[in-house]
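**Student:** Here the protein sequences come in this chain order: A and B. Just so you know, we're using full-length UniProt numbering here: the first sequence kicks off at 1 and counts up by one. Just so you know, we're using full-length UniProt numbering here: the second sequence kicks off at 1 and counts up by one.
A hint or two may mislead.
Think about it this way: if two alpha-carbon atoms lie no more than 30 Å apart in a straight line, the pair counts; the simulated DSSO-like pairs of lysine-lysine are [claimed, not checked]:
{"hint": "1", "chain 1": "A", "residue 1": "Lys111", "chain 2": "B", "residue 2": "Lys111"}
{"hint": "2", "chain 1": "A", "residue 1": "Lys111", "chain 2": "B", "residue 2": "Lys142"}
{"hint": "3", "chain 1": "A", "residue 1": "Lys18", "chain 2": "B", "residue 2": "Lys63"}
{"hint": "4", "chain 1": "B", "residue 1": "Lys196", "chain 2": "A", "residue 2": "Lys23"}
{"hint": "5", "chain 1": "B", "residue 1": "Lys51", "chain 2": "A", "residue 2": "Lys51"}
{"hint": "6", "chain 1": "A", "residue 1": "Lys23", "chain 2": "B", "residue 2": "Lys23"}
{"hint": "7", "chain 1": "A", "residue 1": "Lys18", "chain 2": "B", "residue 2": "Lys23"}
{"hint": "8", "chain 1": "A", "residue 1": "Lys111", "chain 2": "B", "residue 2": "Lys121"}
{"hint": "9", "chain 1": "B", "residue 1": "Lys122", "chain 2": "A", "residue 2": "Lys23"}
{"hint": "10", "chain 1": "B", "residue 1": "Lys18", "chain 2": "A", "residue 2": "Lys63"}
{"hint": "11", "chain 1": "B", "residue 1": "Lys314", "chain 2": "A", "residue 2": "Lys142"}
{"hint": "12", "chain 1": "A", "residue 1": "Lys142", "chain 2": "B", "residue 2": "Lys111"}
{"hint": "13", "chain 1": "A", "residue 1": "Lys63", "chain 2": "B", "residue 2": "Lys63"}
{"hint": "14", "chain 1": "A", "residue 1": "Lys121", "chain 2": "B", "residue 2": "Lys23"}
{"hint": "15", "chain 1": "B", "residue 1": "Lys121", "chain 2": "A", "residue 2": "Lys23"}
Chain B residues, not near chain A, derived (Cβ > 10 Å throughout) [to be verified]:
{"hint": "16", "residue": "Thr12"}
{"hint": "17", "residue": "Asn114"}
{"hint": "18", "residue": "Thr148"}
{"hint": "19", "residue": "Asp204"}
{"hint": "20", "residue": "Pro208"}
{"hint": "21", "residue": "Thr327"}
Think of the hints as simulated: they come from the structure by calculation, not from any bench. Idealized CB from N, CA, C, for every residue including glycine.
If you want the building blocks of each chain, they are given just below.
Protein chains: 2
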Amino acid sequence: MTLVHGSGARETFDLIMKTIVSKVPERLRKVNGGMGIDVLDDGAVIPIGDKYLVITMDSYTVKPIFFPGGSIGTLAISGTINDLVVMGARPIAIMDSITVEEGFELNVLEKIVNDMIDLLKKYDIPLIGGDFKVMPRGNLDKIIITTTGIGLAQNPIVDTRIRIGDKIIVTDPIASHGAVIIASQLGLLDNIKNIKSDAKPLIDALLPVIEKYGEHIHAARDPTRGGIASILNEWAINNDVTIVIDRSKIPIEPEVRAFLEALGIDFLSVASEGVAILAVDPQYSDDIVNELRSRGCKAEIIGEVVKPQSELLKGKVIAITEIGGRTIVASRGLNLPRIC
Amino acid sequence: MTLVHGSGARETFDLIMKTIVSKVPERLRKVNGGMGIDVLDDGAVIPIGDKYLVITMDSYTVKPIFFPGGSIGTLAISGTINDLVVMGARPIAIMDSITVEEGFELNVLEKIVNDMIDLLKKYDIPLIGGDFKVMPRGNLDKIIITTTGIGLAQNPIVDTRIRIGDKIIVTDPIASHGAVIIASQLGLLDNIKNIKSDAKPLIDALLPVIEKYGEHIHAARDPTRGGIASILNEWAINNDVTIVIDRSKIPIEPEVRAFLEALGIDFLSVASEGVAILAVDPQYSDDIVNELRSRGCKAEIIGEVVKPQSELLKGKVIAITEIGGRTIVASRGLNLPRIC
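Build the full structure now, drawing on both the sequences and the hints.
**Tutor:** Pasting the structure below:
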């Protein structure tokens, strides 16, 4: 059996569980009762004193390297920050390992590094080390950036606390990043010329809200690969619930929606890089939406967590369609290469 | 200007300094007065309470993926552990990001992961998370593994504490890993059939010694890319000293030496993956060698740190040759691809 690019989130999840996680003995899956590899969340949590060290790791490749709204550098730093923020952690440092192909232009590398450092400066986050390698020509397509994010949390958000009745909130219009990348790859940027990638750190908009509402936020993620469809399915499966969302409530730029619909791509599966999805206590959902809006977000409540009506619906995500129908939302990786 | 694979350590160092480090503002180069990107050591140090969190990051690619004595999996885990150990840190957890090319064989991935997990089990180190991606065919040659090592140190070893008179110790015969990889690439494995890669974690042999002798060990590194020539040059430059080594005192398997000499490759520049080089207080150098030998190492004192006899010799490494001559040891990356 060989490995295939662009497999669905479910297949990749199963592969990682079977090939890697299941081989790691129980005692070596986490440190000091924290959160480790068995959780498959964005990061790991290590209790240190009365706080929690949160460490995330992610590899970034994207084609094209530069796109409307940013570059692979913007993506790497935003993504790393956001992986920490959605776990409730304040970033304290980032490390990066950059691997480029022989023949990579130095001035292109400089532009990418500048994009990274501009964001680090803006949010005052130290870059404390890393690695840099040049691979022989033909061994790598251009560039891969792998980052490690290091953060501290008082109350890390673990995505297994979801309860029946929770409201699902999306912080901003989704799928703009994915749409821009798809359009770039297909030579169709003219079709969405007012749209830019949403890639940005969620520190200003989301972190203060997470710190304020703490335990009332039961789950938080940034819907990158696989879009919100992938995250919602993961939440439904891991918490044995049904999640119902209303497609007409989901914030999305009309131009992005029209572009993706014309291609037959469901926007629920398309990546965002500066948006978060939350599951929150219904008592606080309006307050949280208002707080997010006061910070410049276009947040919306898009659905809720319900008791599964049958065994079949346990672990499933249901979408109410624009004409009132109900469909099951599958979790699938988008079959287009290298989107985030 | 484009980037070239296999450039010397000096060129890569200059490139990293110019393109990345110099762009990061002073205040964002470290956390809480720890050690950060300006040090260019194997890892970063963050003071946390009365201890120090040490975090390392490294990307591993090697051709062939399997070699006598191990695989890229052995290399990734040994290298990560050793980067922590030579900073005086006890590993508490590892994270990994594996990227493979589409079409990569699943059973090959499983073998590599097994090599990784076998070492983690042996040394009881948790694997607490990471990332896994499949890249489209043609975008990557086989596999890259990037790791993050997380450790705790009481007294991190900073390589700027080297003093005149320090003795240089090598813990075991050098260059076996590099020789095996070079032989594999050239189809010459028959010429060194008794040699295996030295890739192994340095926890049992070196960590107790570092913890026992603490501040008397002034510098420690594992001589991977560029071999001991590269590390010694870095130490000489960063500490404004001359380092003199005696080539006849350097432990190396005769078969490895003969093989490299036949190819015209200086063993000082060839990588080891389970060896450390130390600069220690001369008062303790014999004790440290004996302690290392009692733990199964073939440690030797190979040289010492001296006062530069002229401005020209400041920051230089001098080797006493087998016939008593003196040569300057240059730092150069080996021009053979993907050795570690």
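**Student:** Confirm or reject each hint.
**Tutor:** Outcome of the hint check:
1. Taking the CA atoms of Lys111 (chain A) and Lys111 (chain B), the gap is about 39 Å. The hint is violated against a cut of 30 Å.
2. Distance hint between Lys111 (chain A) and Lys142 (chain B) is fulfilled; the C-alpha atoms sit about 28 Å from each other, no more than 30 Å.
3. Between Lys18 (chain A) and Lys63 (chain B) the alpha-carbon distance is near 26 Å, which keeps this suggested pair within the 30 Å criterion.
4. Taken as a hint, the Lys196 (chain B) and Lys23 (chain A) pair is honoured in the structure, with Cα atoms around 26 Å apart against an allowance of 30 Å.
5. For the proposed pair Lys51 (chain B) and Lys51 (chain A), the alpha carbon gap of about 14 Å is at most 30 Å, so the pair holds.
6. Using a Cα cut-off of 30 Å, the hinted pair Lys23 (chain A) and Lys23 (chain B) is violated, with the two alpha carbons roughly 42 Å apart.
7. The hinted pair formed by Lys18 (chain A) and Lys23 (chain B) fails the criterion: a straight-line CA distance of about 42 Å is larger than 30 Å.
8. Taken as a hint, the Lys111 (chain A) and Lys121 (chain B) pair is broken in the structure, with Cα atoms around 42 Å apart against an allowance of 30 Å.
9. Proximity of Lys122 (chain B) to Lys23 (chain A) is assessed by CA-CA distance (about 14 Å); at most 30 Å being required, the pair is judged to hold.
10. Restraint check for Lys18 (chain B) and Lys63 (chain A): satisfied, since their Cα atoms lie roughly 26 Å apart, inside the 30 Å limit.
11. Under the criterion of a C-alpha separation no larger than 30 Å, the hint pairing Lys314 (chain B) with Lys142 (chain A) is inconsistent with the structure, at around 39 Å.
12. Simply put, Lys142 (chain A) and Lys111 (chain B) have alpha-carbon atoms about 28 Å apart, close enough for the 30 Å limit, and the pair holds.
13. About 26 Å separates the Cα atoms of Lys63 (chain A) and Lys63 (chain B), which keeps this hinted pair within 30 Å; it holds.
14. Between Lys121 (chain A) and Lys23 (chain B), the direct Cα distance comes to roughly 10 Å. Compliance with the 30 Å bound is thereby established for this hinted pair.
15. This hinted pair checks out: Lys121 (chain B) and Lys23 (chain A) have alpha carbons roughly 10 Å apart, not beyond 30 Å.
16. Non-interface call for Thr12 (chain B) relative to chain A: violated, since the shortest CB-CB distance, roughly 7 Å, does not exceed 10 Å.
17. Not every CB of chain A lies more than 10 Å from the CB of Asn114 (chain B), the least distance being 7 Å, so the non-interface label is violated.
18. For Thr148 (chain B), the requirement that its beta carbon stay farther than 10 Å from each beta carbon of chain A is not met, with the minimum near 4 Å.
19. Even its closest Cβ contact with chain A, about 18 Å, leaves Asp204 (chain B) beyond 10 Å, as expected for a residue assigned away from the interface.
20. Its beta-carbon lying about 21 Å from the closest one in chain A, Pro208 (chain B) satisfies the requirement of being farther than 10 Å from that chain.
21. Under the 10 Å C-beta cut-off, the non-interface status given to Thr327 (chain B) relative to chain A holds; the minimum distance is some 28 Å.
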